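Novice: Here is what each chain is made of, one letter per residue.
2 protein chains.
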Amino acid sequence: MTDRPPHDALRPQAAAWFAALRDRLCAAFTAIEAEAGSDARFLATPWRRPTADGSDGGGGEMRLLRGRVFEKLGVNVSTVSGSFAPEFRAQIPGAAEDPRFWASGISLVAHMANPKVPAAHFNTRMLVTTQGWFGGGGDLTPMRPETAESREDASAFHAALRDACDRHDPDHYPRFKAWCDRYFFLPHRGEPRGAGGIFFDHLAGPDPAADFAFVRDVGEAFLEVFPRIVRTRMAAPFTPEDREHQLIRRGRYVEFNLLHDRGTLFGLKTGGNIEAILMSLPPEARWP
Amino acid sequence: MTDRPPHDALRPQAAAWFAALRDRLCAAFTAIEAEAGSDARFLATPWRRPTADGSDGGGGEMRLLRGRVFEKLGVNVSTVSGSFAPEFRAQIPGAAEDPRFWASGISLVAHMANPKVPAAHFNTRMLVTTQGWFGGGGDLTPMRPETAESREDASAFHAALRDACDRHDPDHYPRFKAWCDRYFFLPHRGEPRGAGGIFFDHLAGPDPAADFAFVRDVGEAFLEVFPRIVRTRMAAPFTPEDREHQLIRRGRYVEFNLLHDRGTLFGLKTGGNIEAILMSLPPEARWP
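Residue numbers (the numbering used here), protein chains in the order written: chain A, 1 to 288; chain B, 289 to 576.
Hints are supplied without guarantee of correctness; some may be wrong.
[Said to hold, decoys possible] The calculated DMTMM-like cross-link candidates involving lysine to aspartate or glutamate, where the alpha carbons are at most 20 Å apart (straight line), are:
#	chain 1	residue 1	chain 2	residue 2
1	A	Lys269	B	Asp549
2	A	Lys269	B	Glu440
3	B	Lys557	A	Asp261
4	B	Lys557	A	Glu191
[What the hints assert, rightly or not] Computed footprint of chain A on chain B; a stretch qualifies when at least three of its residues, placed anywhere within it, have a C-beta under 8 Å from a C-beta of chain A:
#	stretch
5	328-336
6	365-379
[Unchecked claim] Just a few of them, taken from the derived set where beta-carbon distance is under 10 Å, the chain B residues facing chain A:
#	residue
7	Leu298
8	Gly325
9	Arg354
10	Lys360
11	Pro475
12	Arg477
13	Gly539
14	Thr552
15	Leu553
16	Gly555
17	Lys557
18	Arg574
19	Trp575
Since the hints were made in silico from the structure, they are not lab data.
Just so you know, these numbers come straight off a predicted model, no measurement behind them.
Every residue, glycine too, gets a C-beta built ideally from N, C-alpha and C.
With the hints as constraints, model all of the structure from the sequences given.
Specialist: Shown next, in the form of structure tokens:
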């Protein structure tokens, strides 16, 4: 066990953090629904990761809320372990030496009923092979990024993430913002998915506890800023044209997730839970 | 020029056939719209294939009809030529020797307003590199494949394609039907896209004129059978539940096209016309 990464010792805390953050996020979102006069609740679907030999592969819980403010809000936590199939080992740091892995994380996608409220995505995770690292990020997708309101929302979102980054490393925000801009881009359309945010992967600084503290702060920042943006915009009036435009923008979101999102494609190829992976797809989309 | 495939000589006829078939298909579909009391017409958008050096790369025409029976019907013809980029040469028969290509074809996707009418896809094409071949196929996607009506439609569709195949080669139908079943399958869902049909590629028999005659017969078969199926079902009553179910099945169609369809992915990677390639996506889809 001497060749195990120090992240091994963080596994219980990491899994507990992702679950606790999930509970706080869900509470924040149902509170918003209540403010809008809705008693919408999350529907929870636990799932187990199937393994070829019947061993315990872990599992997760998908929570889905269909409400008045959140047209479709999916929050998934999972803690899984197993062995990477031979064809994936070369792509995963530390898996060529030993294919066993452990992974825990939270992911969230919010598609909003009101087109004036931006959609949002957030996820953070810890991976352990013979190496250990953190990954994650959050990004905002206003339907009309060019409006003053959308620029204000994007600015608030970026400010919150920048503060979280700056508390840990002055290089984090510029690096992770640029990574997000590169990642959430539709090359076939020549357009970004939205207004960006931050994206990071294979984060493995000298002290895993410090990386974990950063990841927790990213979660806290999202928990503070996204509900704030939602509350600012949820009562904004909108037209049928705004709704139609939102549904077309959601089509682009589908294109990104199915054509380009590495997480989605990797999940589908490695036999992850289909419903949890495709939870990110919008409730309704149009290609007129 | 002695090393050119015999398909070279067929280029003008092939391009003319695809365009003529397009006109007949469009006429058949607008006739159906008229029978339903609609004067919906195709909107035609010509496009040119951009080339790095400004040379003539050919182009095509996308025709889109949004009608009462056909909620979204896209028909595209194109005749393009150029050179395959180095990264694609190994995948294309005959392109390793000389990267130049010529391609002409027709493709069609029909998403229906009435959930009791199956969606359909059809395409045929001729490719010329230092080799020449035909490809194409057609497949039917009933929304509820298990009903008696859907089985009747699938049976009529398969019978028409089988007749076309059998007139040319007794091996064609069983081989191309099985190929279609393998191809139009969603591995992440473990389910077929629809009720199948035929699919073939790299068809290069001893006599290209005979292959071309087969491809024409496949077009004639589709032109005869699909409008017939549409007329049988277009007035069928349906419920809001049928419509909701149709929108969810269309979500699966999107998943197939963006995750698995080689034609879509190849087109996007090789800088094809985005709107023409994504014309296949449904006007509206749901992931509730």
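Novice: Each hint: holds or not?
Specialist: Status of each hint after checking the structure:
1. A:Lys269 / B:Asp549: Holds. Lysine 269 of chain A to aspartate 549 of chain B sits at ~15 Å (cutoff 20 Å).
2. A:Lys269 / B:Glu440: Not OK: lysine 269 of chain A and glutamate 440 of chain B at ~35 Å, beyond 20 Å, violated.
3. B:Lys557 / A:Asp261: 15 Å, holds
4. B:Lys557 / A:Glu191: 15 Å, holds
5. 328-336: Three-residue rule not met by the stretch 328-336 of chain B, so violated; n is 0.
6. 365-379: violated (count 0)
7. Leu298: Since the shortest Cβ distance to chain A is 32 Å, the answer is violated.
8. Gly325: 22 Å, violated
9. Arg354: 8 Å, holds
10. Lys360: The hint holds - lysine 360 of chain B has a Cβ within 10 Å of chain A, the shortest such distance being about 7 Å.
11. Pro475: 8 Å, holds
12. Arg477: Status holds, d = 7 Å.
13. Gly539: 7 Å, holds
14. Thr552: 9 Å, holds
15. Leu553: It holds, given that the least Cβ distance between leucine 553 of chain B and chain A is near 8 Å, below 10 Å.
16. Gly555: 9 Å, holds
17. Lys557: 8 Å, holds
18. Arg574: 5 Å, holds
19. Trp575: 4 Å, holds
This entry does not satisfy hints 2, 5, 6, 7 and 8, going by the numbered hints stated previously.
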